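Kindly generate the complete structure, drawing on both the sequences and the hints.
For the sequence shown, position 14 matches number 14 in my numbering, and the numbering has no gaps at all.
Among the hints, a few may not be true.
Claimed, not checked - Label pairs and their in silico Cβ distance ranges:
1) 24 x 70: 42 to 48 Å
2) 50 x 15: 24 to 30 Å
3) 53 x 25: 25 to 31 Å
4) 57 x 9: 22 to 28 Å
5) 20 x 61: 38 to 44 Å
6) 72 x 13: 22 to 28 Å
7) 48 x 6: 21 to 27 Å
8) 71 x 47: 29 to 35 Å
9) 29 x 55: 25 to 31 Å
10) 65 x 25: 44 to 50 Å
11) 64 x 28: 40 to 46 Å
12) 68 x 12: 25 to 31 Å
Since the hints were made in silico from the structure, they are not lab data.
Bear in mind that the values here come from a model prediction, so they are computed numbers and not experimental data.
Just so you know, even glycine gets a beta-carbon here, dropped at the ideal spot from N, CA and C.
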Amino acid sequence: MADQRTLTIRMPADEYETLRGYAFVTDRSMNDVVREAIGQFLIGDGRRQQFETLLSDARSTYRAALDKLADS
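Structure below.
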């Protein structure tokens, strides 16, 4: 995972405490638990394919703007 990004999320305090407790009892970091959950969400029920299709459509739609930003 050489190329990583940082993500900040907000969640209700009770969900945070549940996440913290789960990470503690499974001897994992909260980051690992959240990253795994997001990964499972993205691959579940064909969501990954749906996401890839939406991303491809967006790239096609905004290609000119993306190219201009890349050249800046």
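Consistency of beta-carbon spacing, residue 13 to residue 72, with hint 22 to 28 Å: For residue 13 against residue 72, whose Cβ atoms are near 41 Å apart, the range 22 to 28 Å is violated.
Pairwise beta carbon distance, residue 24 to residue 70, judged against the given window 42 to 48 Å: Hint holds: Cβ distance 43 Å, inside 42 to 48 Å.
Cβ separation of residue 71 and residue 47, checked against the hinted range 29 to 35 Å: Holds, at about 33 Å.
Consistency of beta-carbon spacing, residue 28 to residue 64, with hint 40 to 46 Å: For residue 64 and residue 28 the Cβ distance comes to about 44 Å; the hint holds.
Range hint compliance [Cβ, residue 53 to residue 25, 25 to 31 Å]: With a Cβ separation near 38 Å, residue 53 and residue 25 fall outside 25 to 31 Å, so the hint is violated.
Residue 29 paired with residue 55, Cβ distance criterion 25 to 31 Å: 28 Å, holds
Satisfaction of the hinted span 24 to 30 Å by the C-beta atoms belonging to residue 50 and residue 15: 25 Å, holds
Residue 48 paired with residue 6, Cβ distance criterion 21 to 27 Å: 22 Å, holds
Range hint 44 to 50 Å (beta carbons of residue 65 and residue 25) holds or violated: 47 Å, holds
Status of the given 25 to 31 Å range, CB of residue 12 versus CB of residue 68: 40 Å, violated
Distance restraint evaluation - residue 20, residue 61, Cβ atoms, bounds 38 to 44 Å: 40 Å, holds
Assessment of proposed distance window 22 to 28 Å (beta carbons of residue 57, residue 9): Cβ of residue 57 to Cβ of residue 9: about 26 Å, so the range 22 to 28 Å holds.
This entry does not satisfy hints 3, 6 and 12, going by the numbered hints stated previously.
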